[in-house]
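Work the whole structure out from these sequences, hints included.
One letter stands for each residue in the lines below.
There are 2 protein chains.
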Amino acid sequence: MNVECHNIIDNQMSVFSVLNQDEKELLKRNSTCTYYKKNDIIYKEGDKPSGLICLSKGKVKIFKEGVGGREQIVRMAKPVGFIGYRALFAEQNYLASAEAIEDSVICTIEKETLYKLLSTNSDLSFSIIRSLASELGFSNNRTVTLTQKHIRGRLAESLLFLKDTYGIEEDIATIKVYLSREDIANLSNMTTSNAIRTLSTFASEKIIALDGRKIKILDLKGLERISELG
Amino acid sequence: MNVECHNIIDNQMSVFSVLNQDEKELLKRNSTCTYYKKNDIIYKEGDKPSGLICLSKGKVKIFKEGVGGREQIVRMAKPVGFIGYRALFAEQNYLASAEAIEDSVICTIEKETLYKLLSTNSDLSFSIIRSLASELGFSNNRTVTLTQKHIRGRLAESLLFLKDTYGIEEDIATIKVYLSREDIANLSNMTTSNAIRTLSTFASEKIIALDGRKIKILDLKGLERISELG
DNA sequence: ATAAAATTATGTTAAAAAACATACAAATGT
DNA sequence: ACATTTGTATGTTTTTTAACATAATTTTAT
Numbered sequence: 051m052n053v054e055c056h057n058i059i060d061n062q063m064s065v066f067s068v069l070n071q072d073e074k075e076l077l078k079r080n081s082t083c084t085y086y087k088k089n090d091i092i093y094k095e096g097d098k099p100s101g102l103i104c105l106s107k108g109k110v111k112i113f114k115e116g117v118g119g120r121e122q123i124v125r126m127a128k129p130v131g132f133i134g135y136r137a138l139f140a141e142q143n144y145l146a147s148a149e150a151i152e153d154s155v156i157c158t159i160e161k162e163t164l165y166k167l168l169s170t171n172s173d174l175s176f177s178i179i180r181s182l183a184s185e186l187g188f189s190n191n192r193t194v195t196l197t198q199k200h201i202r203g204r205l206a207e208s209l210l211f212l213k214d215t216y217g218i219e220e221d222i223a224t225i226k227v228y229l230s231r232e233d234i235a236n237l238s239n240m241t242t243s244n245a246i247r248t249l250s251t252f253a254s255e256k257i258i259a260l261d262g263r264k265i266k267i268l269d270l271k272g273l274e275r276i277s278e279l280g
Numbered sequence: 051m052n053v054e055c056h057n058i059i060d061n062q063m064s065v066f067s068v069l070n071q072d073e074k075e076l077l078k079r080n081s082t083c084t085y086y087k088k089n090d091i092i093y094k095e096g097d098k099p100s101g102l103i104c105l106s107k108g109k110v111k112i113f114k115e116g117v118g119g120r121e122q123i124v125r126m127a128k129p130v131g132f133i134g135y136r137a138l139f140a141e142q143n144y145l146a147s148a149e150a151i152e153d154s155v156i157c158t159i160e161k162e163t164l165y166k167l168l169s170t171n172s173d174l175s176f177s178i179i180r181s182l183a184s185e186l187g188f189s190n191n192r193t194v195t196l197t198q199k200h201i202r203g204r205l206a207e208s209l210l211f212l213k214d215t216y217g218i219e220e221d222i223a224t225i226k227v228y229l230s231r232e233d234i235a236n237l238s239n240m241t242t243s244n245a246i247r248t249l250s251t252f253a254s255e256k257i258i259a260l261d262g263r264k265i266k267i268l269d270l271k272g273l274e275r276i277s278e279l280g
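For the record, the sequence lines run as chains D and P. Residue numbers for the first sequence follow the numbering used here, so the first one is 51 and each next one is one higher. Residue numbers for the second sequence follow the numbering used here, so the first one is 51 and each next one is one higher.
Everything labelled a hint here was simulated from the structure, so no lab data went into it.
If chains are identical, the list can't say which one is meant, so a pair holds when it fits in one copy or spans any two.
Here are the simulated lysine-lysine pairs, DSBU-like style, with alpha carbons at most 30 Å apart: (1) 226 with 87; (2) 271 with 98; (3) 271 with 94; (4) 74 with 166; (5) 98 with 87; (6) 161 with 107.
So, in structure tokens, the structure goes:
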């Protein structure tokens, strides 16, 4: 029995906080733990979900292959959170792929156990309804901003999104995730060249500071302004 | 008691098909019916949801105001379907607005009654989970196609989407919804000028035929090809 | 019935962003 | 230690699409 990922079930912020101790034990008995190295694929577009995947440690990007293989990141997962639950609950194959962007630990909860709990526990169902509804709102927002904002606005929004998702380091400025320029581009719907160029421009405007993959936000208000104006 | 919209609850395709007769009666007693004229606003971005809105008759567009007031249609609703349920279940204010594009009849189910049913009926919860998960998949797909496909690809996809959503007339070709060029543009993330121009191009290529707001699909395979290529 | 407004249509110009090219730096494998 | 690959950086060209302009047609209101 693998305790490495039981924090998923015990965590106060998790949707499983509505479960009682017996239910939590049942979940723990019917879940498995897997380790992934940075750049490992967790699942691919078209695969069939086998259970509910929870991210216990690490960071994961969820992305879709678009026109000409061009990648669009649709979500960034952090602990404690689910991965691939959309496909599972829609009873579809995955419509996106998941890749670890850091060494990660995931916990997979057996489908049957999950469904058993869902059928007896309306609070759990409601937690999942709330999660899906929130993410749908986020997705609709993204659709509009990625299509309507200009490059500077899109990049600024992505940086703010990364800061809100992963937080900042002790210096109260450096975004706590280290993405390649290509990933930043794929998150912001632009080419890698344009991501590099626009990051440089932001740096020359003293809005951010760059040190390799470290991005330090120097002027939060300025970044928010750029994001809002589009 | 308004029977005009009880088809929502009795319809076999509705998520309420999992309810028993008593539960259906409870819903009917706690729901109200409202009539809307074409172009009437049903709710606006920022409003607070008061209950679960179901479209019984008519057609409704769901749209967000983006950069500089530019409108993006995120969903097209048809009977029998829900409107604004995302915000209700996320316990948020509406993030989009709803407007009738035809004379419509809606049925609003009281929030308390709905929640009572949800707490006792896991099948209903599961139906809603499945609906939200499906729509989230659709939304993520849209994000990618609206950002990556070129104008022709986006317009072709929108026409196919409208055909799939509302079906076709008896002539087995005319899309069963009559939108302004502006609405088609707002659905496809382009300016009205470009929607008009590209529709004309499609017509000159004999892929579609135009007659006012009537759009007849002449070459479905061709349209699908344009949509897939982007 | 007629004016006003909204919608459709099409041509022209300007802006945005992709595509392309090249160079350099950093990481990785042998 | 060196070669190879991958990632970063920046300049130039081309494509796409928005913005603008104008006119014809249709719808709506009075």
